[in-house]
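Construct all of the structure, not just a fragment, from the sequences and the given hints.
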Amino acid sequence: GAVVSQHPSRVICKSGTSVKIECRSLDFQATTMFWYRQFPKKSLMLMATSNEGSKATYEQGVEKDKFLINHASLTLSTLTVTSAHPEDSSFYICSARKASDLFNEQFFGPGTRLTVL
Amino acid sequence: AQSVTQPDIHITVSEGASLELRCNYSYGATPYLFWYVQSPGQGLQLLLKYFSGDTLVQGIKGFEAEFKRSQSSFNLRKPSVHWSDAAEYFCAVGIPSGNTPLVFGKGTRLSVIA
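Top to bottom, those sequences are chains W and P. Residue 1 is where the first sequence starts when you use our numbering, and the numbers rise one by one after that. Residue 118 is where the second sequence starts when you use our numbering, and the numbers rise one by one after that.
The set of hints was computed from the structure by calculation and includes no laboratory data. Just so we're clear, the structure is a prediction, and the values are computed from it rather than from any experiment. Where is the CB? At the ideal position from N, CA and C, for every residue including glycine. Each hint should be verified, as a subset may be incorrect.
Ranges between beta-carbon positions, derived for each pair [stated by the list, open to error]:
#, chain 1, residue 1, chain 2, residue 2, range
1, W, V3, P, L173, 26 to 36 Å
2, P, Q162, W, F103, 13 to 23 Å
3, W, K42, P, R139, 13 to 23 Å
4, P, Q162, W, R10, 13 to 23 Å
5, W, F103, P, E137, 22 to 32 Å
6, P, L173, W, T17, 48 to 58 Å
7, P, S187, W, G16, 48 to 58 Å
8, W, T80, P, H127, 30 to 40 Å
9, W, A72, P, P196, 46 to 56 Å
10, W, L76, P, S169, 28 to 38 Å
Here are the simulated SDA-like cross-link-like pairs (lysine to any residue), alpha carbons at most 25 Å apart as the crow flies [what the hints assert, rightly or not]:
#, chain 1, residue 1, chain 2, residue 2
11, W, K41, P, D125
12, W, K41, W, V19
13, P, K223, W, G61
Far from chain P by the CB rule (all over 12 Å, computed), these chain W residues [to be verified]:
#, residue
14, C13
15, T17
16, G61
17, E63
18, S83
19, E87
20, V116
21, L117
Put into structure tokens, the structure is as follows:
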């Protein structure tokens, strides 16, 4: 299989605090992970592409200083929402691509619901 | 750049009726094509995928999709819908080779009525 986990599944925090979300590929190595944001009843919006051992590539309009991404190993990428505000409340989903994949298939995590009070 | 269009925002189907969800893509060559389903508050579950070969693809939960190159379409079908199929459905396109993310359509919300 190809399982991707996210932790935590839900988090509630106060405005101004930072929150870290982990994305792990449990049974494969992922050279690339993608972070998406999803607003209620909307599609997925790509935030950034995370490559192991290098800096993440952010999509236009995504503040890289606010959404810090680290991909320190072949099985773990983290997204840190710094100084979170209520408008950062959303559903964050990661996906991972196998290092050996020829078909660009991506495997999705179950998502993290962030609520900023 | 590739793009995906799901023309139907919301579809309501009676339980037991057939279903077809439309997906059109824009890409200069044959892309990789995916259908995902998302239940409220959940992540995405892959229903089926097309890479090459037979253009009629079978997936999980009784779903199938047909790739039609001439129409740039990859419509999802199910012969008999169950109430548990009510969810959001996303079509996605990927570029063969290349470390690029999938491009998603805006989704189609399926409601199932008795």
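Checked hints:
no., hint, in the structure
1, V3/W / L173/P: 26 to 36 Å, "28 Å, holds"
2, Q162/P / F103/W: 13 to 23 Å, "18 Å, holds"
3, K42/W / R139/P: 13 to 23 Å, "19 Å, holds"
4, Q162/P / R10/W: 13 to 23 Å, "19 Å, holds"
5, F103/W / E137/P: 22 to 32 Å, "26 Å, holds"
6, L173/P / T17/W: 48 to 58 Å, "51 Å, holds"
7, S187/P / G16/W: 48 to 58 Å, "55 Å, holds"
8, T80/W / H127/P: 30 to 40 Å, "35 Å, holds"
9, A72/W / P196/P: 46 to 56 Å, "47 Å, holds"
10, L76/W / S169/P: 28 to 38 Å, "32 Å, holds"
11, K41/W / D125/P, "14 Å, holds"
12, K41/W / V19/W, "23 Å, holds"
13, K223/P / G61/W, "19 Å, holds"
14, C13, "18 Å, holds"
15, T17, "23 Å, holds"
16, G61, "15 Å, holds"
17, E63, "19 Å, holds"
18, S83, "26 Å, holds"
19, E87, "20 Å, holds"
20, V116, "17 Å, holds"
21, L117, "19 Å, holds"
Of the hints listed earlier, there is not a single one the structure fails to meet.
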